[in-house]
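Student: Below are the chains, spelled out letter by letter.
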Amino acid sequence: MVELKHIFSPFVILTIVFEIVMMIIYGTWIEYDTEYTPGETEDPQVANTYKFYSDVAVMILIGFGYLMTFLKKYGYSAAGFTFFISCLTFQWAIVTNAFFHQVYTSFGKFAIEIPSIVEGMYATAAVLITFGAILGKTTPLQLIIVAFFEMIFYSLNIYVNIYQLKAIDVGGSMIIHAFGAFFGISLTRVLTSKLQTKSHNDSGSVYTSDIFSLIGTIWLWLYWPSFNGALAMPGAQFRAFMNTFLSLTASVLTTFFVSHILRGGKFDMVDIQNATLAGGVAVGTTADLFIYPVGALSCGVAGGLVSTLGFAYFAPKIEKFFGVQDTCGVQFLHGWPGIVGGLAGVIATKIANEHPSRYLAERSFHAFFHRGGDQPEIQLAALGITLGIAIFGGLFTGFILKLGTQNALNPFNDSEFWEVPQEFGKEPQQDSFPDPSDSKWVDYNPSDGEQMI
Amino acid sequence: MVELKHIFSPFVILTIVFEIVMMIIYGTWIEYDTEYTPGETEDPQVANTYKFYSDVAVMILIGFGYLMTFLKKYGYSAAGFTFFISCLTFQWAIVTNAFFHQVYTSFGKFAIEIPSIVEGMYATAAVLITFGAILGKTTPLQLIIVAFFEMIFYSLNIYVNIYQLKAIDVGGSMIIHAFGAFFGISLTRVLTSKLQTKSHNDSGSVYTSDIFSLIGTIWLWLYWPSFNGALAMPGAQFRAFMNTFLSLTASVLTTFFVSHILRGGKFDMVDIQNATLAGGVAVGTTADLFIYPVGALSCGVAGGLVSTLGFAYFAPKIEKFFGVQDTCGVQFLHGWPGIVGGLAGVIATKIANEHPSRYLAERSFHAFFHRGGDQPEIQLAALGITLGIAIFGGLFTGFILKLGTQNALNPFNDSEFWEVPQEFGKEPQQDSFPDPSDSKWVDYNPSDGEQMI
Amino acid sequence: MVELKHIFSPFVILTIVFEIVMMIIYGTWIEYDTEYTPGETEDPQVANTYKFYSDVAVMILIGFGYLMTFLKKYGYSAAGFTFFISCLTFQWAIVTNAFFHQVYTSFGKFAIEIPSIVEGMYATAAVLITFGAILGKTTPLQLIIVAFFEMIFYSLNIYVNIYQLKAIDVGGSMIIHAFGAFFGISLTRVLTSKLQTKSHNDSGSVYTSDIFSLIGTIWLWLYWPSFNGALAMPGAQFRAFMNTFLSLTASVLTTFFVSHILRGGKFDMVDIQNATLAGGVAVGTTADLFIYPVGALSCGVAGGLVSTLGFAYFAPKIEKFFGVQDTCGVQFLHGWPGIVGGLAGVIATKIANEHPSRYLAERSFHAFFHRGGDQPEIQLAALGITLGIAIFGGLFTGFILKLGTQNALNPFNDSEFWEVPQEFGKEPQQDSFPDPSDSKWVDYNPSDGEQMI
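Protein chains in written order, with our numbering: chain Y, 1 to 453; chain F, 1 to 453; chain X, 1 to 453.
Okay, chain Y solo, but in the shape it has when bound (with noise of 0.2 Å):
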């Protein structure tokens, strides 16, 4: 019944090295923070960030999840994969998180707490972009190298821009959300620019699996506040929250005017699942800071205008003269809004050098902020360098997986990677009448595994 083959396959050798080399790590290098004082009636980081810690998560989980379920053939798939990818990543991230926080600061054991597991799932966030970019085209094998690289370049990133330089980015527009974008999409160059169209015949979406896909938009929205303020410092959260909240109200106005002028005067449920919320991703830099309501609502309006276009004009113009197929998008929603985002950093703290009395809230990601005059220089610096790190390291990746692995070989089927009911693929969504003897059908693997439970 089992297998040697699937025993030794490389997909579970390399989970279940990975699973050992992370309880190693953990056994011997992490521990749990120990700050509570006994005698309090609460714990104080469980108050202050729990909350934040289970909304974040549901953004990944149910959020990404599901938003990427669109595809008609691929929502075992899509939720499946972010299931187990995210896990994996939320052990290694930890890690590689911990590592640059001791080279700022010490060596020694790593006390975890609630926000270490919060940075641990905005790493996360940035492979699921990139997961994004490269959906229905990879194997898991290749999804645990991706992960496995990507969170070493990340956590990279974020110690030569938030511990060195001190750039400010409270909601990851450059470090989170352009980052994952742009890892994502110059490693899809190089991994899968040779796609046969053909598959492209299962890389659309049904009404049913567009109204599921929606479901994720709805829960990332809801919760972006939490996103972006998660970590803010008490005095500036609340303003991450409220400016969060009003960028993305904005956003979403302009997605449906926009997408109504593009679309021919309909809506297409493609902006709506995604630009809608490229006035989280926008706001991300600035949002706790001094911006005032009317700079959020520029934000929004920016972050939809911006994704709303590059779904409508630029994404088969991109696809066909770069060769890059990004399934999701992820450019439009998170690559240029987070350069908007990143530059909008820029813009705040040149005006807020301009009117210092205001400049209540120099609070960055970890409170570590560099309180000189060149703010908005090392704004665009770490613009500039998180799309260096992210492109060359999403350009490796790719190498390395095109030397040692294999693409999907069924793109945007999950009939490859999972035993799937007898009704699979022949749902009339398809194909109002399929023919039982059309050859299409042949190869699929109906599982009888079905009836045990």
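Bear in mind the hints are in silico, worked out from the structure with no lab data behind them. Since we're looking at a predicted model, the values are computed, not measured. Beta carbons are placed, not taken as given, at the ideal position from N, Cα and C, and that holds for glycine. Worth double-checking, as some hints may not be accurate.
Claimed, not checked - Below, a list of computed lysine-lysine pairs in the DSBU-like style, where the Cα atoms sit at most 30 Å apart:
no. : chain 1 : residue 1 : chain 2 : residue 2
1   : F       : 266       : X       : 266
2   : X       : 109       : F       : 350
3   : F       : 402       : Y       : 317
4   : X       : 266       : Y       : 137
5   : Y       : 266       : F       : 137
6   : X       : 137       : Y       : 5
7   : F       : 402       : Y       : 266
Unchecked claim - Some chain X residues close to chain Y (C-beta under 7 Å, calculated; not the full set):
no. : residue
8   : 293
9   : 400
10  : 404
Knowing the structure of chain Y, use the given hints to seat chains F and X on it.
Tutor: Just chains F and X now, with coordinates in the frame of chain Y:
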């Protein structure tokens, strides 16, 4: 590609003008609250209300949005237009609420804080209840106009009843639920009474859409205690959660047994999707008062009874005799149980007057409380005024819409407003063996833009 | 229209009697807690436990409810009966828990507070686990009877193990998960062992129902730290979250690689929907103890192994040899991993006894802790007693049901209890080209009540 007629469509122009006006108002009149004292480890408004803000946001966008996806061909519009109109209303309701707040106190800049956003969400709930009455029959352009006028009447009603009369209505049985429902019913009476019955072919549900819809119900149910208690005072807030929870459990049990009786020994999904929530509505006014656990259970039973009887018995009669086509039956979920809740407030304050020693909980929505002995009369007056303003507002808005706009041409059908997948409308749910030559399907416009993502 | 036989059906009568009895008990015996001190800006039980109350409620209604929607024709019942039976159990479990609490302390009125509701939800989780074992085979009437008796045994078991023996089980590996699972298995052994195999045609899943079901899994996963930590003491609560989170990530990785091995090189959705959660169960007893991060990871790996092996290897064998038809496989998700969790508690307390200086975390469910050296023996005794009471209770309840009630006539099929849409059962998922004259479809009762809403 982009045609001028799509740029200059009334929907686009109105949305753009709206957003520009919002940016001017927010830029000149709205500020952040700055209560935070440096050195504190927590921002009090974050600690006390952010959790409730996000719970109520889930109710609005997931709860109302997915509850309305029960229509078989209207899922994009139900969830998508909820998303759009909610964001528009969030921005606008903050302004109308702020205006009447400043009328009551003093003019000058208005400082928003997290409770302002929660109040904006309460206002949005009223608009979505109204949306439920006209679901499937109106255009997005009309929805903007509805939201615009409804918010003016809504904030005026709060000004009269809460600020001036000092009525109690912590969870908004009257000012949110009954208001939204009766506004919607009078609006739909004016607007859509001539709707042809042929449209009804699409006004039913299918198996999958009903399960989506139940997701909405359950999320509404789960966070209803947060809705009723979000802005309750410390000390009373605990009671608001407890009473709402108990009332909701009682309305679920009541709904199941009444449905079983009235539907011929089976359960009807329409009842379960809706009347189970009536306990949350019916306890809204009295949630934070000292009504005792048994009082809370009684509200739930009363709400469930009124709601299930309304759906099963009165819905067809009201449609026939009054010409009111209430798509989601909001009068039975929000309208009548809202009146029950208002009357419960009269009774509870009357009993409290007679037993002053336990009357610890005289805290209303805004903590402006009139401690005199005439609170029961005030509650009754507030209920009457609310119904009056709601019905007048709905009729007024209906006539405005009738003069200047056109209803949806293809009711209960996404294809009028959305690019839909090719298989749309061909699902076997409607017709197991659709005849491809059937003229019914000719006027669909299958999207060809779906392959791009 | 309304027939007497529907009014006097046993389901209706029992539900009405239940609710009347509840109103009498709540009206005479249950009061609000009144700990709040006027002047405080926060109600402590709101600040400390309301978040966890709502997270656990999500797990109960969305998590368990949607996890059970995997059956292709049983979605209404899975989500709907979960909703019904949960609300009934919430009310009743608060009473049974209160009764045994007063037996332990002193009689007199019982003051409910938010933790009482959380404990009511824990109890409901046990009922829903039991429901998973009998899913699709019983009637709503039988569910009421199951919940009634199970709660008495459940609270008795807590009284013996937690109040009297002072066993530790903060997340309920033993008293919730193993209890509910073994109660359910012994119940289903008595009740449904003769179930004809023909019913199995409907006991499988379809593609869309599996994706719905995975929504349930992910919500359970997300909030499991809240489940295990909700009532942990400050200082230990942080560890409960952390350990549960780490254990869950490890069980996800374990599930994926074991599934890949055991299912012939593919992943099986049944494993992913279930065994990924085994880490939460397996760390339940020890979650707030000082087990270190590596101990948490080990619990997750052990839970994932036991669970996937159970689903893949033992499920068919147990069904065949023992005649136990465990619809959802709750013994493999809750039963065996619950035993693993209980044994982990024995080991952890043994190690702690040998290293007393780090034994900071001796805090149990109710903070009644027995500080002697015999804690490991107590833990083992509690595991045995729990299994004994659960198995006896399940057999007892099974015989009661067998004497007085009838099982579902049409297993795994919504049409017996619900008005179903016309297309129900005609979906191509079951049969691509259903023959309309096929007698199989004749006995459906398509609803004609759907047009009304």
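Student: Please go over all the hints and tell whether each is borne out by the structure.
Tutor: Evaluation of the provided hints:
Our distance criterion of 30 Å between C-alpha atoms is broken by residue 266(F) and residue 266(X), whose separation comes to about 41 Å. Among the hinted pairs, residue 109(X) with residue 350(F) is consistent with the structure: their alpha-carbon atoms are about 26 Å apart, no more than 30 Å. In summary, the hint linking residue 402(F) to residue 317(Y) is not supported, as the alpha carbons are separated by about 44 Å, beyond the 30 Å threshold. For the hint pairing residue 266(X) with residue 137(Y), the CA-to-CA distance comes to about 17 Å; that is within 30 Å, so the pair holds.
Taking the CA atoms of residue 266(Y) and residue 137(F), the gap is about 17 Å. The hint holds against a cut of 30 Å. About 40 Å separates the Cα atoms of residue 137(X) and residue 5(Y), which puts this hinted pair outside 30 Å; it is violated. Pair hint residue 402(F) plus residue 266(Y) holds up; C-alpha atoms about 23 Å apart against a cutoff of 30 Å. The interface hint given for residue 293(X) holds, since its Cβ lies 4 Å from the closest Cβ of chain Y, which is under the 7 Å cut-off.
Against a cut-off of 7 Å between C-beta atoms, the interface hint on residue 400(X) is violated, since the closest Cβ of chain Y lies about 27 Å away. The beta carbon of residue 404(X) comes no nearer than 29 Å to any beta carbon in chain Y, farther than 7 Å, and the hint placing it at the interface is violated.
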